[in-house]
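Q: Read off the chains here:
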Amino acid sequence: AQSVSQHNHHVILSEAASLELGCNYSYGGTVNLFWYVQYPGQHLQLLLKYFSGDPLVKGIKGFEAEFIKSKFSFNLRKPSVQWSDTAEYFCAVNARTGANNLFFGTGTRLTVIP
Amino acid sequence: GAGVSQTPSNKVTEKGKYVELRCDPISGHTALYWYRQSLGQGPEFLIYFQGTGAADDSGLPNDRFFAVRPEGSVSTLKIQRTERGDSAVYLCASSLRPSGDTDTQYFGPGTRLTVL
Numbered sequence: 001a002q003s004v005s006q007h008n009h010h011v012i013l014s015e016a017a018s019l020e021l022g023c024n025y026s027y028g029g030t031v032n033l034f035w036y037v038q039y040p041g042q043h044l045q046l047l048l049k050y051f052s053g054d055p056l057v058k059g060i061k062g063f064e065a066e067f068i069k070s071k072f073s074f075n076l077r078k079p080s081v082q083w084s085d086t087a088e089y090f091c092a093v094n095a096r097t098g099a100n101n102l103f104f105g106t107g108t109r110l111t112v113i114p
Numbered sequence: 001g002a003g004v005s006q007t008p009s010n011k012v013t014e015k016g017k018y019v020e021l022r023c024d025p026i027s028g029h030t031a032l033y034w035y036r037q038s039l040g041q042g043p044e045f046l047i048y049f050q051g052t053g054a055a056d057d058s059g060l061p062n063d064r065f066f067a068v069r070p071e072g073s074v075s076t077l078k079i080q081r082t083e084r085g086d087s088a089v090y091l092c093a094s095s096l097r098p099s100g101d102t103d104t105q106y107f108g109p110g111t112r113l114t115v116l
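Taken in sequence, the protein lines are chains A and B.
Mapping the first sequence onto this note's numbering, position 72 (from 1) lands on 72, and the numbers just tick up by one.
Mapping the second sequence onto this note's numbering, position 51 (from 1) lands on 51, and the numbers just tick up by one.
Think of the hints as simulated: they come from the structure by calculation, not from any bench.
Do not take every clue at face value.
To be verified - Derived lysine to aspartate or glutamate pairs resembling DMTMM-like cross-links, with alpha carbons at most 20 Å apart: (1) A/K49 / A/E88; (2) B/K15 / B/D63; (3) A/K49 / B/E44; (4) A/K58 / B/D103; (5) A/K49 / B/D103; (6) B/K15 / B/D86; (7) A/K58 / A/D85; (8) B/K78 / B/E20.
All chains should be built: construct the whole structure from the sequences, respecting the hints.
A: Here it is, written out as structure tokens:
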């Protein structure tokens, strides 16, 4: 079975600080990787995704993530956070075969202080 | 275009009652998923539809939970004899292409179910 670990439960940063949120998954086969974001009072939105090719993927709002296959990791990064980045961030993975349902981590709450 | 919509946005019910939660996917999306998100957790898979059929219902916690998608578009999640532990946000997602592919799921706003 697949599983996803997000080790940071709550991260507090000041504006302009750099961000890195950890995500590790366990699965033996080929996977797709995603980061979703949930802003306060809003629904889950796709931030970025990795299917194949360049392991460094760029998403919306200046976010990027790097897939490191040997470490089973897909960490999310942003060089300079803004107050508007305050949200809950979820890493997710699904297999290329079968139902394609997503397995999510428990989420990381990011609070950016102005 | 319109995204995934879910109704109601909030549902409060009493223990033992029956509830129905509705999901209207993005037009043309053949795949539909239901997830449940408990407080402090990420969403957990419940059931997946490809067209009208439930292709994978392995995430349904027990036989009190059932879902249908009779015409391959709107889906209804049905919970019988609700229990307090069923309280959660129920999320629906849809995607364009069948399983086993590189595809993106788009989520609705969810229905917050509270069982008193």
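Q: Does the structure keep B/K15 and B/D63 at a Cα separation of 20 Å or less?
A: Distance of about 16 Å is within 20 Å: holds.
Q: Is it true that the CA of A/K58 sits at most 20 Å from the CA of B/D103?
A: Answer holds: A/K58 to B/D103 is near 17 Å, not above 20 Å.
Q: Mind checking the alpha carbons of A/K58 and A/D85 for me, to see if they're no more than 20 Å apart?
A: Given pair A/K58, A/D85 holds - Cα atoms ~16 Å apart, limit 20 Å.
Q: Check whether the Cα positions of A/K49 and A/E88 lie no farther apart than 20 Å.
A: Holds - the C-alpha atoms of A/E88 and A/K49 are around 17 Å apart, at most 20 Å.
Q: Would the hint linking B/K15 and B/D86 be met if the CA-CA limit is 20 Å?
A: At roughly 9 Å apart (the allowed maximum being 20 Å), B/D86 and B/K15 satisfy the hint.
Q: Tell me if the straight-line CA distance from A/K49 to B/E44 falls inside 20 Å.
A: Within the cut-off at roughly 19 Å; holds.
Q: For A/K49 and B/D103, compute the direct alpha-carbon distance and say whether it is at most 20 Å.
A: Cα-Cα ~10 Å, so holds.
Q: Take the C-alpha atoms of B/K78 and B/E20, compute the straight-line distance between them, and say whether it is at most 20 Å.
A: Distance ~5 Å between B/K78 and B/E20 Cα, so the pair holds.
Hint compliance for this structure: no hint is broken.
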